[in-house]
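> Those protein sequences? They're chains A and B, same order as listed. Residue numbers 1 to 101, in our numbering, belong to the letters of the first sequence in order. Residue numbers 1 to 661, in our numbering, belong to the letters of the second sequence in order.
For the record, the hints were derived by calculation from the structure and aren't laboratory data.
Residues on chain A that point at chain B, a partial pick, calculated with CB under 8 Å: (1) Arg41; (2) Gln68; (3) Leu75; (4) Thr80.
Residues of chain A placed beyond 12 Å of chain B at every Cβ, according to the derived structure: (5) Ser16; (6) Gly17; (7) Ser18; (8) Gly25; (9) Val27; (10) Lys36.
Keeping only pairs whose Cα atoms sit at most 30 Å apart, straight-line, the calculated BS3-like set for lysine-lysine is: (11) B:Lys346 <-> A:Lys6; (12) B:Lys346 <-> B:Lys246; (13) B:Lys26 <-> B:Lys197; (14) A:Lys36 <-> B:Lys651; (15) B:Lys68 <-> B:Lys197; (16) B:Lys32 <-> B:Lys246; (17) B:Lys651 <-> A:Lys6; (18) B:Lys11 <-> B:Lys197; (19) B:Lys68 <-> B:Lys246.
Predicted, not measured: the structure shown is a model, and the values here were computed from it. Heads up, the beta-carbon is just placed ideally off N, CA and C, and yes, glycines get one too.
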Amino acid sequence: MTTNTKRLDDNLVSSSGSVLCTHCGTVVGTANEWLKEALVRERPAQDGGSLVAEDPAVYVNAPVVFRQFFCPGCLTALQTEILAVADEGIRVKRLGGLADE
Amino acid sequence: MTAFPVAGSEKFANKLLARDDELLAKISPALKVHGRNAAATDSVDPLTYEVVRHRLWAITEEMGDAVKRMSGSVVVTDANDFGVAVMDEFGNSVQVGLYNTALCASMDMAIKWTMEHRSGNPGIRAGDMFICNDPWVGGGIHQNDVSLFAPLFIEDELFAWTCAVAHQVDLGGVSPGSWSVHSEDVFWESLPIPPLKIVADGRILADVEDAYLRRSRMPALVALDLRAKVGANNVAQQQLTRLAEKYGAGVVKAVMRQMMDDAEFRLRARLRELPDGTWTGLAYQDQARQGDRGLYKITVEMTKRDDSLTFDFTGTDPQVDGLINCTYAGLRGGIVTVILTQLCGKIPWSTGGLMRCIRIISEPGTINNCTFPAGISKASVASGWATTNAVHECVASMLDAEETDDPSFTSVCKGSFGLSLLAGVDQYDRPFVTMLSDVMAGGFGARPDRDGVDTGGEVPIAAGRIADVEMNEFSYPVLYLWRREEPDTGGPGRFRGGVGGSSCMIPHDTTIKSIHLVSSASGKAVPQAVGISGGYPASAAHEVIVRGSNIRELMASRSMPSTLRAILGAHEVVPPALETDLDWDDVYFYEWSGGGGYGDPLRRQPSLVLSDVNNGKVSSRAANEVYGVVLTTETGVNDTETERRRDTLRKDRAGVAGASS
Chain A
1 MTTNTKRLDD NLVSSSGSVL CTHCGTVVGT ANEWLKEALV RERPAQDGGS
51 LVAEDPAVYV NAPVVFRQFF CPGCLTALQT EILAVADEGI RVKRLGGLAD
101 E
Chain B
1 MTAFPVAGSE KFANKLLARD DELLAKISPA LKVHGRNAAA TDSVDPLTYE
51 VVRHRLWAIT EEMGDAVKRM SGSVVVTDAN DFGVAVMDEF GNSVQVGLYN
101 TALCASMDMA IKWTMEHRSG NPGIRAGDMF ICNDPWVGGG IHQNDVSLFA
151 PLFIEDELFA WTCAVAHQVD LGGVSPGSWS VHSEDVFWES LPIPPLKIVA
201 DGRILADVED AYLRRSRMPA LVALDLRAKV GANNVAQQQL TRLAEKYGAG
251 VVKAVMRQMM DDAEFRLRAR LRELPDGTWT GLAYQDQARQ GDRGLYKITV
301 EMTKRDDSLT FDFTGTDPQV DGLINCTYAG LRGGIVTVIL TQLCGKIPWS
351 TGGLMRCIRI ISEPGTINNC TFPAGISKAS VASGWATTNA VHECVASMLD
401 AEETDDPSFT SVCKGSFGLS LLAGVDQYDR PFVTMLSDVM AGGFGARPDR
451 DGVDTGGEVP IAAGRIADVE MNEFSYPVLY LWRREEPDTG GPGRFRGGVG
501 GSSCMIPHDT TIKSIHLVSS ASGKAVPQAV GISGGYPASA AHEVIVRGSN
551 IRELMASRSM PSTLRAILGA HEVVPPALET DLDWDDVYFY EWSGGGGYGD
601 PLRRQPSLVL SDVNNGKVSS RAANEVYGVV LTTETGVNDT ETERRRDTLR
651 KDRAGVAGAS S
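Bound-form chain A, shown alone (with noise of 0.2 Å):
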């Protein structure tokens, strides 16, 4: 990993243009997405430890699943969310000018 590095997040540094793991250097997305490399898994919903006592479908009828992303690396988890199946894709980060270095 080189020095000349950007902050991003807690587990996540820019770099030329790509975005790396901070914890191992593995690469795990570019500028404008940056978790595009990173393992994706889903999971039922109260998979997550204690979070959800009751399954969502007691609730509503939107599928609803736990998901994570992970360093492909060091499999340091990225972003941890539980959301609808139909809203993957909505959270998104871009830094702006990063594309440009």
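Place chain B on chain A using the hints.
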């Protein structure tokens, strides 16, 4: 039935704020407005500025004290669910009090509307006060938020406005407490009152007050709150007048202007320190009304460029037939509360200046910018709250990208507000209606450098608190089995979200041996306090009623249960919207969420997890299954086994080869 537009309602659709000069052109020439005095502005030295600025802030504190001392409502006196503010002659907020800032976020909208529509008829004069609970106009987020704002005249010119707004326990509608879970549109609810002169020449107008109180199931309490707000405005106006007499009206006005300019300047400077970029946030409301099974989203894309922020809510779901919509006032409140708490820790809360840095894009007819006559009775803790969550996620993510040794943001705080309204009669046959405030002890989101505050409060009310159990038992016919922090309600992470809590109670000392319950808690299907940087969300809300329980037998045998499992009976999961009765042998349990986590929980120091387990913040199960920490009774943390367990969990949760299952 689908709500259809009401002709003429566009008069009250007040979301585009007029600039001061535009507003001036719209008001009656009979209303003389105190303008800027260039000479006075130039004469304000830094010392005078600071003295007057702090005095204005102190006046909001005195207003808050006045409200609390005169109100008889536990929601106000013990939970601080009210707001106060001092504004300039055009209604721009100069200083917001440390109470419910979301309620004050749209006060400027209401006052500008009032100046435009009331300055000619019936007129705006010294000694007047206007009441308003129309969220399409502004001044609050749902009908229970009743604002009372007063013009302050110096000589014959409108110099400033003051306001007090508080949650009223009941203003009519089909359900006690006015949060109507059967609502399909606003006509099922308490009907909004657009700005109405209720005080003239310093006296409450009896006919107008009667018309106002007649709608309430608790008119005496609402009347007391009205007087509390009159008192707060009177205190503010006396002190502002004294300030103007001492320093000169021109100087005080100059300080007001400078406070807003300074706030804008400092927020812009803060924003310039942060990286440009775009972040999105996503929040939900589950169930629009009782019996509904929909899941409704609010999405926002926040773009930060140089020294300004744009919040674009395009993609948010259309408004629905139910009680969860909010107007533009709720959307604005959702933004203001996050800006104040996450970005303005060191910047004065002069929202009239701060909001100049903010641009909002939102389509009318969506659930957080609904049009009349959509149902809005739950707006403050429904779409208004969800807007706060979505905005909070964006702002926290932006701040997370900052290189700093002194981070000052949190992951999303308590994701949902589990509304519990109780109504009935006590042991003396006296009627009561109240909103339980317990849920206001939500967990704060984790920070990048420390855990979130356990049961710390909530974002919109900086000075928020909850009523004591004993106060609730004294005021209402309930008996608590417990109220406590709950493990695993805070989002797991390298730093853990603060935990939320739970309350469990039964009817007690009521002559009818029953209590009416209106429950409306979002965030049950999808947890709403999002984690940041891989941190997990906080828990979902959860409510259970144990019907026909053995609680009376248990208590008669001197056995006090401490878990729901220890109580026999029919355990019914409460949906996000339900109106029902709690009978004599029923037990009501509700649990509210904590704050979102920060960072990967497998990177949390094992010793902190051990401490969490010992202190009841995290269960042993979660310590093992989420944090991957192996605990032993002898040594506490087993380091070797913890390392092995974490390696297994990493592969297992990612679903990669070598996983245990």
